[in-house]
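> From first to last, the protein sequence lines are chains A and B. Under my numbering, the first residue of the first sequence carries the number 11, and numbering increases by one thereafter. Under my numbering, the first residue of the second sequence carries the number 11, and numbering increases by one thereafter.
There's no promise every hint is true.
Copies of the same chain look alike in the list, so a pair counts if it fits in one copy or across any two.
What the hints assert, rightly or not - In the DMTMM-like style, the derived pairs of lysine to aspartate or glutamate whose C-alpha atoms are separated by at most 25 Å in a straight line are: (1) K184 to E114; (2) K273 to E134; (3) K258 to E43; (4) K46 to E210; (5) K154 to E79; (6) K309 to E40.
Treat the hints as calculated values from the structure; they're not laboratory data.
Protein chains: 2
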Amino acid sequence: MQQGAGKPVLLVALGGNALIEKGQVGTMEEQFENLKRPMAQIAALSQTHRIILTHGNAPQVGNLLLQQECCNAVPHLPLEILVAQTQGQMGYMLESTLDTAIMESGLKSTPGLVSLISYVVVDENDPAFQNPSKPIGPSFSSRKASNLPYPTQKTAKGYRRVVASPKPLTVVEKREIRKLIDMDFLVICCGGGGIPVVREGRRFCGVDAVIDKDLASAKLAEEVGVDIFVIATDVDGAALHYGGNHQKYLRAMTLTEAQRYLKSGHFPPGSMGPKVEAAVEFVRHTGNRAVISSVRAIKDAVEKKAGTEVVPP
Amino acid sequence: MQQGAGKPVLLVALGGNALIEKGQVGTMEEQFENLKRPMAQIAALSQTHRIILTHGNAPQVGNLLLQQECCNAVPHLPLEILVAQTQGQMGYMLESTLDTAIMESGLKSTPGLVSLISYVVVDENDPAFQNPSKPIGPSFSSRKASNLPYPTQKTAKGYRRVVASPKPLTVVEKREIRKLIDMDFLVICCGGGGIPVVREGRRFCGVDAVIDKDLASAKLAEEVGVDIFVIATDVDGAALHYGGNHQKYLRAMTLTEAQRYLKSGHFPPGSMGPKVEAAVEFVRHTGNRAVISSVRAIKDAVEKKAGTEVVPP
Chain A
11 MQQGAGKPVL
21 LVALGGNALI
31 EKGQVGTMEE
41 QFENLKRPMA
51 QIAALSQTHR
61 IILTHGNAPQ
71 VGNLLLQQEC
81 CNAVPHLPLE
91 ILVAQTQGQM
101 GYMLESTLDT
111 AIMESGLKST
121 PGLVSLISYV
131 VVDENDPAFQ
141 NPSKPIGPSF
151 SSRKASNLPY
161 PTQKTAKGYR
171 RVVASPKPLT
181 VVEKREIRKL
191 IDMDFLVICC
201 GGGGIPVVRE
211 GRRFCGVDAV
221 IDKDLASAKL
231 AEEVGVDIFV
241 IATDVDGAAL
251 HYGGNHQKYL
261 RAMTLTEAQR
271 YLKSGHFPPG
281 SMGPKVEAAV
291 EFVRHTGNRA
301 VISSVRAIKD
311 AVEKKAGTEV
321 VPP
Chain B
11 MQQGAGKPVL
21 LVALGGNALI
31 EKGQVGTMEE
41 QFENLKRPMA
51 QIAALSQTHR
61 IILTHGNAPQ
71 VGNLLLQQEC
81 CNAVPHLPLE
91 ILVAQTQGQM
101 GYMLESTLDT
111 AIMESGLKST
121 PGLVSLISYV
131 VVDENDPAFQ
141 NPSKPIGPSF
151 SSRKASNLPY
161 PTQKTAKGYR
171 RVVASPKPLT
181 VVEKREIRKL
191 IDMDFLVICC
201 GGGGIPVVRE
211 GRRFCGVDAV
221 IDKDLASAKL
231 AEEVGVDIFV
241 IATDVDGAAL
251 HYGGNHQKYL
261 RAMTLTEAQR
271 YLKSGHFPPG
281 SMGPKVEAAV
291 EFVRHTGNRA
301 VISSVRAIKD
311 AVEKKAGTEV
321 VPP
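Just chain A, with the same shape it has in the complex (with noise of 0.2 Å):
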């Protein structure tokens, strides 16, 4: 017998955010004071629904690059390897503030708690290849950035690295989740998006690139079976005309009326944008629930109480 058989299955992906906040500089301290109220929901949630975790590592890795940088004296490493080491630094840290919830919440029953490395397949003929978009790390003068061995954009901050970012194909460790899952496991995976590789003949490679994690997730979702996805981050939900005169939370929107939004720009690239796309794909291709809410409020999301709810048609 299935032991988690019966009770819903629900993914929630955690923004950043979720581990530093605006205005912080991001000490552990600091990430694992954050990192409470939204454990101690999915601890609360852990009695109701078979749960997987995944998350942002942005400025995680963007430290260690900065790091790299820094420091001749040890081989640098490349991209994809920077990313596992941040899904070990936060699978660590996610696992052990849920770990201390579920132990101080008293509930009735635990789950087996499990930490996952993940690494996602993309196509190495992704036209994101061709046209690297997304800036990671630190930022260098122009003269600085000239030398680089990389290619770099001019972005806000000065002169920053941009890596491809494809769309993920595959979750190579979604039969493990949804064998675990089924257990009643709570699975903590896909940090970061994922570590990207490509397929060689039989073997996988790791390549240059940070695949968006919430779009991750949502194949995630779709590929291991959940019923409700929730994508968390530091704002209430999806809005039109955000942060102008007019800005207007909204409660729910259909898929049709999403991919109008997203087309007159309502929804910004490297922002809401991609939030929607991964809650649009999911719902297009499962029919099921997903929800953009607040860290805050993943409870009362997954309660129907708060956040946008992507609906179909």
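Go by the hints and put chain B onto chain A.
Frame of chain A, contents of chain B only:
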């Protein structure tokens, strides 16, 4: 029904030298290349055994420490976070190399494959905390060392940071690991001896320490009920008078002999000593087989054709 039932459970503890061989600087290419041989053996053994794979992290965590020392632009991370980062890095390297080996070998049945973050509880009153003795990371001049915010010790390479190496009490994820091997998952875990934590009431808190990976592996092997414990290193086994004219590799030794040889200094601390201690601990608690062998001869060691076996009484 438990899928893995009937197959004996094997735990292989891989030395750091499985990834970086003598004379190499430790580029990613070298490390991936070196992993192919042990991983091909693990793939073959997965047909007849349920397998847990643990590994060291000394050169990798040393590199991360060195990077931190170079760079003041990002907050310095405590040691347990660096250990967590190496679990991510090496978990990915081992898993993807093993994945490739399994695919290339055309095996009949392919096990589920997961790399887990693992933390290991130590006693905050362990005497090791009063006497930090394990050198890690870069070496410094005497003047630089005296200005560092942590204890250092003079070593053959100059002054180096020393940290406590407390005894492992329990692996936090032991129940999860047991369930996974019962389902015939191949589990990579306890990297670098595990992320060291102490329990404070209901909370787990990381501590600045490095747990010996062979002792942590012995504890895990005991806790999950392993049948065969293989410690894979860069020599063929344990030897009397190692490096001397009368050097003699042992094919087997009893617990009593092992303890006598340890006392009389045949197995130096920081080298063969902890491996023999780990094998002794495991055999003493379980009465099962422990073998110390070369990384090249893991399969032979399991099949009693190579290595040094520690046997009761």
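> Looking at the structure, which of the earlier hints fail to hold?
Per hint list: 2 and 3 violated.
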